[in-house]
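Number of protein chains: 2
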Amino acid sequence: MSTIGKALTLLDAVSRLEKDVGLTEIARHCGLDKATARRFLVELEKHGFVEQDPETRRYRIGGAPVRLARIREARFPYLSTAAPFVRELAEASGETVHLSEYAAGRLSTILVEDSPRANRVIVDVGSVLPFHATASGLAFLAFCSARQLEDVLSAPLEAFTENTVTSANDLRSLLAETARRGYSVCLQGLESGVISTAAPIKAPNSLPIGTIAVAAPLVRADEATIHRLGSTTAATAKRISEKFFGLEQLAAQPLARRAG
Amino acid sequence: MSTIGKALTLLDAVSRLEKDVGLTEIARHCGLDKATARRFLVELEKHGFVEQDPETRRYRIGGAPVRLARIREARFPYLSTAAPFVRELAEASGETVHLSEYAAGRLSTILVEDSPRANRVIVDVGSVLPFHATASGLAFLAFCSARQLEDVLSAPLEAFTENTVTSANDLRSLLAETARRGYSVCLQGLESGVISTAAPIKAPNSLPIGTIAVAAPLVRADEATIHRLGSTTAATAKRISEKFFGLEQLAAQPLARRAG
DNA sequence: TATTTCGGTTCATTATTTGAACCGTCGCTT
DNA sequence: AAGCGACGGTTCAAATAATGAACCGAAATA
Chain S
1 MSTIGKALTL LDAVSRLEKD VGLTEIARHC GLDKATARRF LVELEKHGFV EQDPETRRYR
61 IGGAPVRLAR IREARFPYLS TAAPFVRELA EASGETVHLS EYAAGRLSTI LVEDSPRANR
121 VIVDVGSVLP FHATASGLAF LAFCSARQLE DVLSAPLEAF TENTVTSAND LRSLLAETAR
181 RGYSVCLQGL ESGVISTAAP IKAPNSLPIG TIAVAAPLVR ADEATIHRLG STTAATAKRI
241 SEKFFGLEQL AAQPLARRAG
Chain Z
1 MSTIGKALTL LDAVSRLEKD VGLTEIARHC GLDKATARRF LVELEKHGFV EQDPETRRYR
61 IGGAPVRLAR IREARFPYLS TAAPFVRELA EASGETVHLS EYAAGRLSTI LVEDSPRANR
121 VIVDVGSVLP FHATASGLAF LAFCSARQLE DVLSAPLEAF TENTVTSAND LRSLLAETAR
181 RGYSVCLQGL ESGVISTAAP IKAPNSLPIG TIAVAAPLVR ADEATIHRLG STTAATAKRI
241 SEKFFGLEQL AAQPLARRAG
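Residue numbers (full-length UniProt numbering), protein chains in the order written: chain S, 1 to 260; chain Z, 1 to 260.
Don't read these hints as lab results, they were simulated from the structure. Hints are supplied without guarantee of correctness; some may be wrong.
Claimed, not checked - Covered stretches of chain S, going by a simulated chain Z footprint (3 or more residues, C-beta under 8 Å):
#1 6 to 15
#2 37 to 43
#3 53 to 64
#4 89 to 103
Just so we're clear, the structure is a prediction, and the values are computed from it rather than from any experiment. Beta carbons: idealized from backbone N, C-alpha and C, even for Gly.
Turn these sequences into a full structure, and let the hints steer you where they fit.
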């Protein structure tokens, strides 16, 4: 792998670890030498992608991605367009709703609206969703290109719970059903006691750019409820897509670059 | 410079260019060979930091920074804490208000709330603010460490307009005045016809982490007005800091890492 | 149709990355 | 308080990856 790839993988590792992390732990986690990890961290820090706590000497994600993300959102306002719909669905359903974005071959959680209930599902912002074991992943796979699907199926399907679907054939029939229905249902595929449903947010070329999902504790999710939530979710996804790609058409504003 | 540094500099260049950019333009802009630029772009694309439009083959900032930014904001919610105050100040002043964050030795605009007026100042999200020629920069310099100040003063001070302060001595006295007053004033330092005022948002160690600024067209900004706006801005900055670093104390929630 | 420009690729040359061993410091245990 | 182990950080010869001039085909331009 190239040096850049290794450095970005290290950055990814830092982003996955909870809280701040020390040099040795980062190096171990990436299978890199301590000296190498340190050089990468110094370089990433110079550019603001990580920062080091001057007191504890531990590292965390820095401020530079905030700027890049704001630039991207200004040109491609996926998150901000979807946010009100996510809130609306969370209120309507009373359950935790989360939004994901597809980038670099992965589906990442970029927004979570918690259920107000005491017994609720917790989803972390920034978490990466396994394709075969989450409603979001299934919703994505059911509508993505054959190429992307085969990429996922070519890797082994990890069993997170005893209910995780780990057979490629079972997965394919689940996806066919999802495609027919317009929304996916995942029964405790990643976490026991959690049922979720999701729908793809599609670009005009009909390929999904992300998903919206509702996750409920098993006790509140009987069959009828989950399908009611599923179709609401699919309708919401469609509305997000229309709003977003309606806005997209406008674009193209030649703005001044500076002002004090 | 290390390969990583070069790649991140290239990423920065892409982020500064308007819209999507082609390979040759990126390479030229970074002083890199076309082949090298391409290798960097391919590597950055693999990790979602840039994406290539399949049709035009031009490059733009990708989705990966969004995830990283959301993770950072979840742990260090500077932007989301400040946002309501920025809106409030924009409404109260009727002028364009922007928020900046200090990272990697630069002050970057991460939020802009536009004035409702037809004749208003435009500030781009993502723009980098020169320290000596913007109210935000002056507010930062007036309160930052001596080390950081000397770094800025050691570089030549570019003249953006005929009013830009380019003498280190003049700048020092401006900063002394700013420190005394608690807010900075910049008279057409970056763009003719624009007057702005800013105040630092300080961490508990009293070093600034960013700034909040109000920018008004010259015609609406007489001396009394600008000083009234300045003290409101300073008060707002103080409130953001208190809210944010009050919240900081709480922190430390051990969340579950997954849920479908 | 001729010409330029662009995105992308190749491969011998060159410069950078690598990591085992090392240092000093901190926190813990004995 | 003395000894131990773990940590962050550094060094330099050996190993490996980055580099860029020249090249290709396609598409815009003249």
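Going down the list of hints, with the structure as the test:
no.: 1; hint: 6 to 15; result: holds (count 6)
no.: 2; hint: 37 to 43; result: holds (count 3)
no.: 3; hint: 53 to 64; result: holds (count 5)
no.: 4; hint: 89 to 103; result: holds (count 4)
In this structure, none of the earlier numbered hints is contradicted; all agree with it.
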